[in-house]
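In order, the protein sequence lines correspond to chains A and B. According to the numbering used here, the first sequence holds residues 402 to 764 in order. According to the numbering used here, the second sequence holds residues 402 to 764 in order.
Since the hints were derived computationally from the structure, they do not count as laboratory data. A few of these clues could be false.
If chains are identical, the list can't say which one is meant, so a pair holds when it fits in one copy or spans any two.
Stated by the list, open to error - Taking lysine to aspartate or glutamate pairs in the DMTMM-like style, the calculated list, with each CA pair at most 20 Å apart, reads:
hint : residue 1 : residue 2
1    : K561      : D727
2    : K750      : D726
3    : K750      : D701
4    : K561      : D585
There are 2 protein chains.
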Amino acid sequence: MTSIDDFWAVIPAGGSGTRLWPLSRRSSPKFLHDLTGTGQSLLRATWERLVPLVEDRVLVVTGAAHEDAVRGQLPMLRRDDVVAEPLPRDSMPAIGLAAAILERRDPGAILGAFHADHVISDLDAFRAAVAEAIAVARTGDLVTIGIEPTHPATGFGYIKLGDRLDVPGAPSAHRVDVFVEKPDAATAESYVRSGEYRWNAGMFVVGATTLLELLAETHPELAANLRIIASDPRRLHDLWPSLSKIAIDHAVAEPAAAAGRVAVVPASFGWNDIGDFSSLAEVLDQAHGTPTLRVITGVDDVVSIDSSGLVAADSGRAVAIVGLDDVIVIDTADALLVTTKERAQDVKKVVDELQQRGRSDLT
Amino acid sequence: MTSIDDFWAVIPAGGSGTRLWPLSRRSSPKFLHDLTGTGQSLLRATWERLVPLVEDRVLVVTGAAHEDAVRGQLPMLRRDDVVAEPLPRDSMPAIGLAAAILERRDPGAILGAFHADHVISDLDAFRAAVAEAIAVARTGDLVTIGIEPTHPATGFGYIKLGDRLDVPGAPSAHRVDVFVEKPDAATAESYVRSGEYRWNAGMFVVGATTLLELLAETHPELAANLRIIASDPRRLHDLWPSLSKIAIDHAVAEPAAAAGRVAVVPASFGWNDIGDFSSLAEVLDQAHGTPTLRVITGVDDVVSIDSSGLVAADSGRAVAIVGLDDVIVIDTADALLVTTKERAQDVKKVVDELQQRGRSDLT
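Working from the sequences, and respecting the hints, build out all of it.
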């Protein structure tokens with residue numbers, strides 16, 4: 402596959418999350434970490450995955466606090482390829498500003514927005530899906546990539562497939578019937594059984610101008626302000642704080658789907674958003690086989706007696722685990738987490754509690 | 402209860418054990434620690450428990466490596482009240498040397514040997530049992546205190562009661578029929594059901610000379626060498642390494658029981674040898690009621706979400722536990738243990754493994 406001249410990658414590198422605490426912190430969110438032991442951070446792996454499609458046409462949108470770390474991990478990016486948000490404003494302002502910048506650089510630009518902290522295992526399948534999405538985006542639709550569910554997950558939104566489209570170069574594409582929120586277990590089960598639903602992985606491919614026009618239909622002031630900032634970057638600091646904090650799904654994708662203007666390319670390429678330590682364990686097990694106890698870091702410091710699960714021994718201390726199955730032990734210099742795969746989602750409660758206690762130094 | 406002029410307390414303070422790792426180490430065994438949160442180490446609590454019976458008639462026998470720590474915790478002891486073993490030689494040489502020293506100080510001395518690392522909750526009942534044991538010891542018997550079992554433990558030896566004795570001042574005393582080794586679960590169950598068995602807590606009350614005479618019957622050279630050392634402490638370093646490494650149970654108590662010369666005072670005063678973290682949890686729960694999660698140290702550093710068990714946060718780091726029941730988390734400056742109450746006995750395997758890896762700095 403060769404690169405596509407008017408296709409640009411937009412990488413929103415934000416969203417600290419709290420369910421990978423204490424590895425991931427506000428000061429050092431998960432996209433900066435090599436969680437999967439590949440030797441690359443998730444951000445760097447995202448860039449590597451996209452570069453065959455876009456060569457040097459990459460924009461990373463990140464928080465001002467992480468700009469230096471992003472530039473450090475991606476030293477090939479030019480000055481203008483990293484956009485630093487003064488404050489977090491969710492995905493719509495981030496991707497919308499990228500679109501406004503890109504339509505000035507290249508009036509026909511198609512952008513593909515891909516989060517900096519997802520893991521994808523089959524790169525050929527990923528790039529083939531993106532190529533189909535680009536073909537559909539050229540027809541003026543907003544296009545998403547819908548991941549074939551491998552289990553009835555309750556942690557993701559779902560996309561309901563509509564009619565098959567007839568776009569040359571996009572044989573798999575369908576109209577999107579509707580985006581649905583994270584379902585309960587029974588609903589998720591019925592979605593997966595029906596075969597008509599795909600996971601919403603937050604991947605969007607769309608003409609830069611198309612995206613801003615769709616946004617202007619629902620949030621005209623936001624679209625206008627993003628274009629003002631793109632035309633005069635000195636306005637970033639005064640305008641940004643006033644922008645609505647809203648996700649691209651709510652601002653654009655859902656209303657556009659209701660108007661019949663969203664397409665989906667169904668795909669299955671081994672996708673994981675590493676939402677928590679249980680997801681991380683799953684990714685690692687798929688890549689390397691299921692061991693008794695998976696050690697992310699510090700393997701020489703770990704003693705395991707009859708235990709299974711996931712361990713990070715990041716503090717240099719000895720970590721001994723005796724007789725626990727599916728346990729998660731994350732040992733860092735200033736904080737220790739002990740939980741189970743089953744309860745991995747509740748790690749966010751620890752972060753809430755620490756913040757309530759005034760221990761934001763630890764979060 | 403007033404003190405008894407010819408009664409001496411002997412406190413063997415040895416036996417590092419490995420099942421309370423990483424709190425207890427060879428360099429700092431459990432008797433030096435305030436494991437139960439009373440503000441006193443187990444050694445100090447043992448001394449406090451005995452002092453009403455013996456005033457200043459106390460001998461502590463400990464390893465040379467721990468002599469300074471013992472003197473630091475018991476500053477009232479005189480120079481000659483602490484005996485430092487050059488090498489660990491198990492309980493018979495330790496208690497036997499104490500007996501040899503005491504018979505020189507006080508030819509009619511009765512000694513009571515009580516481990517430095519046990520917990521007793523009902524002190525009046527304890528002292529009453531000791532008084533009975535002293536009365537029987539004056540008749541020339543070796544006397545043990547037999548703890549009424551509260552459950553069919555498989556971690557202790559048992560004492561089978563023989564006929565009731567008729568000794569003034571010792572209405573509860575029985576002859577010992579036989580000492581039995583740690584039983585399997587079914588045997589333990591039958592012992593407890595029968596009502597004829599007591600736990601062997603390793604508490605012995607006996608005339609100093611009687612003990613050495615009993616020892617001389619089975620191990621004459623050992624008895625002779627102990628008396629040589631007592632008469633000339635300068636011989637300690639050359640003779641000690643050659644002494645047999647043997648427990649008082651095997652060297653004296655079992656053979657003497659077979660000869661009908663051992664008595665037992667049955668008692669129930671809330672005894673626990675804190676053999677592992679599960680025992681420690683039990684002691685703490687009995688003293689303070691069962692909490693959701695018991696925190697031994699560092700309560701301000703612990704965040705518990707839906708968890709129960711035992712935690713020590715000894716490193717100053719935050720310790721977060723999410724969704725684990727009956728978990729044990731022991732966090733120290735250089736080592737972390739995560740296990741369960743059920744598997745607490747297997748902590749010794751961690752210590753074995755660390756030693757095999759050459760990490761004796763951690764054990």
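Evaluation of the provided hints:
For the homomeric pair K561 and D727, neither the shortest alpha-carbon distance inside one copy (33 Å) nor that between copies (44 Å) is at most 20 Å. For the identical chains of this complex, K750 and D726 are inter-copy neighbours only, at 17 Å across copies versus 22 Å inside a copy, given an alpha-carbon limit of 20 Å. Taking identical chains as interchangeable, the C-alpha atoms of K750 and D701 lie at most 20 Å apart only when they sit on different chains, with a minimum of 17 Å there against 31 Å within one chain. Taking CA atoms no more than 20 Å apart as the test, K561 paired with D585 passes inside one copy only; the shortest distance there is 16 Å, against 61 Å between copies.
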